[in-house]
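So the sequence lines, in the order shown, correspond to chains Z and B. To convert, note that position 100 of the first sequence is 111 in my numbering; the numbers rise steadily by one, no gaps. To convert, note that position 381 of the second sequence is 385 in my numbering; the numbers rise steadily by one, no gaps.
FYI, nobody ran anything at the bench for these hints, they're computed from the structure. Quantities reported herein were computed from a predicted structural model and do not represent experimental measurements. Idealized CB from N, CA, C, for every residue including glycine. Hints may contain errors.
Said to hold, decoys possible - Covered, in the sense of this in silico footprint (three residues per stretch, anywhere, with C-beta under 8 Å from a C-beta of chain B), are these stretches of chain Z: (1) 29-40; (2) 136-145; (3) 171-182; (4) 245-257.
Unchecked claim - Cβ-Cβ distance ranges computed for the label pairs, FRET-style: (5) 201(Z) - 24(B): 42 to 48 Å; (6) 172(B) - 205(Z): 31 to 37 Å; (7) 239(Z) - 201(B): 52 to 58 Å; (8) 89(B) - 126(Z): 42 to 48 Å; (9) 334(B) - 108(Z): 32 to 38 Å; (10) 303(B) - 201(Z): 37 to 43 Å.
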Amino acid sequence: MTGPGTHQVGALEARLRERRDAGSKLVVPYLTGGLDGEWIDTLRALAAAGADAIEVGIPFSDPVMDGPTIQEASERALRSGTTRHSILDALRGADVDVPIAVMTYYNLVARAGHRRSASELAAAGVAGAILPDLPLDEAGPWLAAADEAGVATVLLAAPTTPDDRLAAIGARSRGFLYAVGLLGVTGERRELAASARAIAARCMAVTDLPVLVGVGVSNAAQARELCEVADGVVVGSALVRRLLDGAGPKGAGEFLAELRAAVDG
Amino acid sequence: MSDASVPTGAGAPRARLMGVPGPDGRFGEFGGRFVPESLVPACVELSSAFDEAWGDPSFHEELDGLLTTYAGRPTPVTECRRLSEQLGVRVLMKREDLAHTGSHKINNVLGQALLARRMGKQRLVAETGAGQHGVASATAAALLGLRCVVYMGEVDVARQELNVFRMRLLGAEVRPVSSGSRTLKDAVNEALRDWVATVETTHYCIGSVMGPHPYPYMVRELQRVVGDEAREQCREVLGGADPDVVVACIGGGSNAAGTFAGFVDTRSALVGVEAAGGAALGSGVPGVVHGMRSMFLQDEDGQILEAHSISAGLDYPGIGPEHAQLAAVGRATYHSVGDDEVLDAFRTLAATEGIIPALEPAHAVAWLLRAARTGEVPPGSTVLLTMSGRGDKDVAQVMEMQS
Ligand SMILES: Cc1ncc(COP(=O)(O)O)c(C=O)c1O
């Protein structure tokens with residue numbers, strides 16, 4: 012593998028590159044922050060079970076990229092009083108040994124101001140940010156603030172992204188490149204979309220960043236299949252549904268271990 | 005109206021307002037294209053398809069043909085003599101309530117449906133609040149042989165039952181939305197989620213001057229027929245003069261934008277009227293939601309707040325980005341009125357002019373009643389008010405509230 016190019020490599024990218032370059036496939040779970048009273052324990056359980064990084068959702072009132080499962084989790088978290096600050100405060104004290112990336116919507120970082128939001132993330136020990144409603148063309152001011160604060164902004168590539176755009180997205184993404192596996196919102200799917208393998212391969216061809224496929228990756232078998240063509244997977248709704256159903260930290264850890272075993276296998 | 009307290013267009017930086025935005029879709033600091041990556045190519049494609057169609061005389065010929073022979077344009081301007089006498093202000097009304105399907109929404113939808121067909125898209129998705137945009141979309145889809153799915157909040161499904169039935173009669177599928185506040189904002193979310201998944205075959209037929217570029221610009225252009233007609237009609241009635249005040253209600257802002265587009269380069273004062281419980285310009289702050297940077301009701305964290313209005317069509321916590329710009333530069337002013345004033349205006353207009361307004365434009369009427377009373381619109385002024393839709397859909401709701 013070649014090096015990362017000229018940009019500053021933060022904790023997220025460093026960890027994922029290191030693991031990938033050592034021959035391991037990457038598993039990154041997504042967890043809605045503030046989902047319940049024990050979500051930080053869930054975070055620790057995921058780390059202990061072998062997560063390479065963890066995405067923490069900061070819930071938003073209008074999550075247009077999310078399907079019913081994460082919508083429900085977001086509503087539940089917001090109803091119980093979860094805020095951006097309560098999540099960041101909890102993360103600051105969490106003391107987990109894997110990099111954390113927040114996944115949220117642009118208005119939540121724009122509202123407080125780019126520089127303030129970025130430095131608050133950094134101060135809470137957050138290594139990356141994923142903003143699915145902030146496409147490359149509109150991202151300039153946020154990217155500048157995030158770069159300055161040392162927060163890696165992970166960009167998304169979609170099955171509809173044309174080749175020239177894909178190259179630009181790959182070049183500007185930090186941490187990893189998020190390959191959106193299907194046209195649609197987050198949520199479990201019985202079958203892996205044909206587009207998942209295709210977008211993974213296209214992403215792998217344009218960047219040396221780790222490429223993770225997310226959206227619609229629903230179980231261990233699908234994760235294993237995608238790891239044939241990508242560096243790893245992001246698994247969200249399948250985990251969050253288990254948590255909504257009461258799996259708790261222990262159940263979350265067991266599910267992560269299952270994913271881990273499948274991709275390592 | 006020399007001592008008008010509503011600012012006029014005189015001295016405003018006219019040339020740059022309500023023109024063609026650049027490729028970034030900005031209106032000053034507002035607008036833009038804040039959508040998931042999956043939708044960016046579709047927005048780019050739509051942008052060039054619209055530019056190409058809008059510059060093509062054959063597209064205009066087909067659209068104008070439908071607007072004339074199908075939708076009933078031009079709609080008249082009515083001189084409201086009894087109301088004028090009562091208010092001491094000369095009131096002219098642009099009668100979009102007389103257009104096919106009962107509101108201005110048909111103007112936008114015929115244009116977008118023709119465009120969808122031109123782009124080879126066979127399916128329309130739409131959001132609706134009051135149901136007027138849903139009905140218009142279902143109508144255009146029936147006319148052009150397209151499939152149509154309309155998302156509507158559960159609260160609105162209940163209070164606009166009649167329009168739900170109309171949409172189904174027209175062959176559309178109405179999908180009730182049970183998330184969030186279960187009103188227009190959530191219907192937009194759900195329509196966007198549909199479009200993210202179906203973008204290759206589906207056109208998202210947005211119902212107002214909102215959403216990502218090119219929608220705010222495109223919908224304003226498709227609605228400018230309202231203002232262009234009205235300006236000429238007013239000049240006929242007023243002996244070549246423009247009205248002192250031009251007023252329209254604002255949900256997302258499409259009937260107002262279409263109206264203002266005809267008057268932005270005149271001396272007329274432009275006034276938009278929001279619902280008090282959904283006053284994005286009155287009480288909102290800048291934010292980015294539904295693909296656009298604009299003004300939104302939101303809390304300190306950036307969570308979007310629920311709007312509250314008796315009018316389903318104005319029950320939206322945001323506003324189209326071009327209105328945010330017009331407000332910021334002072335070319336238009338925005339006011340809000342409460343539910344009680346609106347009901348009062350609804351009854352007043354019915355009894356004095358024999359026009360039962362939709363609850364949405366009843367907001368514009370309510371502002372006018374108040375402004376004439378307080379002198380904000382001085383006696384002797386001339387006013388054009390856009391009657392954006394008829395009240396048939398609201399009669400049952402008002403009857404229920406009375407009992
Ligand atoms: C009759 C009527 N007027 C106005 C509106 C508000 O929309 P806009 O502000 O886009 O004109 C609606 C929306 O449902 C409507 O039905």
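Quick rundown of the hints versus the structure:
| no. | hint | in the structure |
| --- | --- | --- |
| 1 | 29-40 | violated (count 0) |
| 2 | 136-145 | holds (count 3) |
| 3 | 171-182 | holds (count 5) |
| 4 | 245-257 | violated (count 0) |
| 5 | 201(Z) - 24(B): 42 to 48 Å | holds (46 Å) |
| 6 | 172(B) - 205(Z): 31 to 37 Å | holds (34 Å) |
| 7 | 239(Z) - 201(B): 52 to 58 Å | violated (25 Å) |
| 8 | 89(B) - 126(Z): 42 to 48 Å | violated (59 Å) |
| 9 | 334(B) - 108(Z): 32 to 38 Å | violated (55 Å) |
| 10 | 303(B) - 201(Z): 37 to 43 Å | holds (38 Å) |
In summary, the numbered hints that this structure violates are 1, 4, 7, 8 and 9.
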